[in-house]
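Student: Sequence:
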Amino acid sequence: MIIEQQAKELSSEVTEVATKVEIYCPNCSRDVDEAELIAKRCNDCDADLSEPEQHVAVAVTSVPVIGITW
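Quick note on numbering that gives the first Met the number 0: the sequence shown kicks off at 0 and runs consecutively.
Be aware that a few hints might be false.
[Said to hold, decoys possible] Derived lysine to aspartate or glutamate pairs resembling EDC-like cross-links, with alpha carbons at most 16 Å apart:
#1 Lys7 x Glu21
#2 Lys39 x Glu50
#3 Lys19 x Asp43
#4 Lys19 x Glu52
#5 Lys19 x Asp30
[Claimed, not checked] Across the chosen pairs, the derived CB separations fall in these ranges:
#6 Ala34 x Ser11: 35 to 45 Å
#7 Ala58 x Pro25: 38 to 48 Å
#8 Leu9 x Asp45: 41 to 51 Å
By construction, these hints were calculated from the structure, which means they are not laboratory data. C-beta: ideal position from N, C-alpha, C; glycine also.
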């Protein structure tokens with residue numbers, strides 16, 4: 000299962016970054032779906048999914064520093 004969230008500007012000073020979370024079975028490393036997560040059981044190997052393996056990617060953007068040099 001892949002859950003993606005696009006970046007959002009919450010205010011002129013705050014931006015919520017874009018994220019991507021991939022959820023896998025910790026036993027067989029297969030991509031699991033929502034039904035398997037709800038049942039907390041992998042359909043392929045019958046492993047417990049109460050603590051699935053997660054790969055998280057965060058998109059980081061730079062914010063220019065504004066300053067005055069005298």
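Student: Mind listing which of the numbered hints don't hold for this structure, in increasing order?
Tutor: Violated hints (numbers, rising): 1, 3, 7; every other hint is consistent with the structure.
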